[in-house]
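According to the numbering used here, the sequence shown holds residues 1 to 205 in order.
If you're looking for bench data, these hints aren't it; they were derived computationally from the structure. All figures in this text were calculated on a predicted structure; none of them were measured in a lab. One or more hints might be untrue.
Stated by the list, open to error - Mimicking BS3-like on lysine-lysine, the simulated pairs with C-alpha atoms at most 25 Å apart in a straight line are: (1) 148 <-> 160; (2) 54 <-> 81; (3) 84 <-> 139; (4) 81 <-> 63; (5) 139 <-> 125; (6) 139 <-> 160; (7) 153 <-> 130; (8) 63 <-> 139.
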Amino acid sequence: MMGPKGKLERKLGEVLNLKAERSTGPKAPLNRRPNRPGQHGNKRSRRQMSDYGKQLRETLKFKLTYGLNDRNLRRLFAMAKKSKGDVAAKLLEFFERRLQNVVYRSGIAPSRLSARNYIVQGHIKVNNRKVVSPGYMVKVGDVLSIRKESQNKAAFKELKDVLTRVEAPSWLVVDPANLTVKVIALPTQEEQKFEINLLVESFSK
Numbered sequence: 001m002m003g004p005k006g007k008l009e010r011k012l013g014e015v016l017n018l019k020a021e022r023s024t025g026p027k028a029p030l031n032r033r034p035n036r037p038g039q040h041g042n043k044r045s046r047r048q049m050s051d052y053g054k055q056l057r058e059t060l061k062f063k064l065t066y067g068l069n070d071r072n073l074r075r076l077f078a079m080a081k082k083s084k085g086d087v088a089a090k091l092l093e094f095f096e097r098r099l100q101n102v103v104y105r106s107g108i109a110p111s112r113l114s115a116r117n118y119i120v121q122g123h124i125k126v127n128n129r130k131v132v133s134p135g136y137m138v139k140v141g142d143v144l145s146i147r148k149e150s151q152n153k154a155a156f157k158e159l160k161d162v163l164t165r166v167e168a169p170s171w172l173v174v175d176p177a178n179l180t181v182k183v184i185a186l187p188t189q190e191e192q193k194f195e196i197n198l199l200v201e202s203f204s205k
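Use the sequences and the hints to build the structure in full.
Printed below as a string of structure tokens:
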């Protein structure tokens with residue numbers, strides 16, 4: 001039976017890695033049922049979506065992908081507006097710099113939901129200090145590591161092998177041998193696949 005996360009991916013027509021490897025495996029909802037949920041998925045997909053509908057759709061994608069709620073989104077948008085430079089680029093940078101996202105993108109966790117759990121449960125350290133806030137903003141030069149007491153837990157026993165196969169983004173350097181991740185640059189909009197401008201338009205109203 002398909003769970004709610006699988007149905008959401010089918011509805012949006014995109015893989016959002018909401019359930020780790022299952023999102024891209026042979027049993028992935030989009031591989032088994034490419035149509036949108038409901039009896040007339042194909043017919044509904046042919047309808048022309050309004051600009052407002054596109055904005056809502058993109059907002060939902062961001063919320064699901066990054067594990068954010070409306071309050072998180074509005075707070076980050078307010079921060080982006082106060083920052084220098086392009087609002088869209090800055091907003092996406094803030095999304096990517098959240099500790100929850102970095103733990104996932106580095107390969108430490110198989111999904112952002114797992115990353116959130118690892119952080120809240122106290123398994124992740126930043127610069128040798130335990131951080132339990134998924135929304136913590138990493139900075140250039142920060143080094144993430146697994147708490148020594150946690151390294152023997154089932155979730156991390158094979159992590160060294162996993163990290164050797166991970167293709168991390170260019171702004172992260174992964175050291176599988178030492179189970180560390182270093183932030184060497186700020187994330188850029190060019191590396192992302194989302195239509196961030198639609199989200200900015202939605203929150204600018």
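Worksheet item: Does residue 54 pair with residue 81 here, judged by a C-alpha cut-off of 25 Å?
Response: holds (22 Å)
Item to complete: Mind checking the alpha carbons of residue 153 and residue 130 for me, to see if they're no more than 25 Å apart?
Response: Holds, because 17 Å separates the two Cα atoms, which is no more than 25 Å.
Practice prompt. Could you grab the alpha-carbon distance between residue 139 and residue 125 and see if it respects the 25 Å cut-off?
Written response: holds (14 Å)
Worksheet entry | Satisfaction of hint between residue 160 and residue 148, Cα-Cα up to 25 Å | holds (14 Å)
Worksheet item: Given the hint that residue 139 pairs with residue 160, does the C-alpha gap stay at or below 25 Å?
Response: The hint holds at about 24 Å.
Item to complete: Decide if the proposed pair is consistent with the structure: residue 81 and residue 63, CA atoms, cutoff 25 Å inclusive.
Response: It holds: about 19 Å lies between the C-alpha atoms, which stays within 25 Å.
Worksheet item: Is residue 63 within 25 Å of residue 139, Cα to Cα?
Response: Answer holds: residue 63 to residue 139 is near 22 Å, not above 25 Å.
Worksheet item: Does residue 139 lie within 25 Å of residue 84 when you go C-alpha to C-alpha?
Response: holds (17 Å)
The structure meets every hint from the earlier list without exception.
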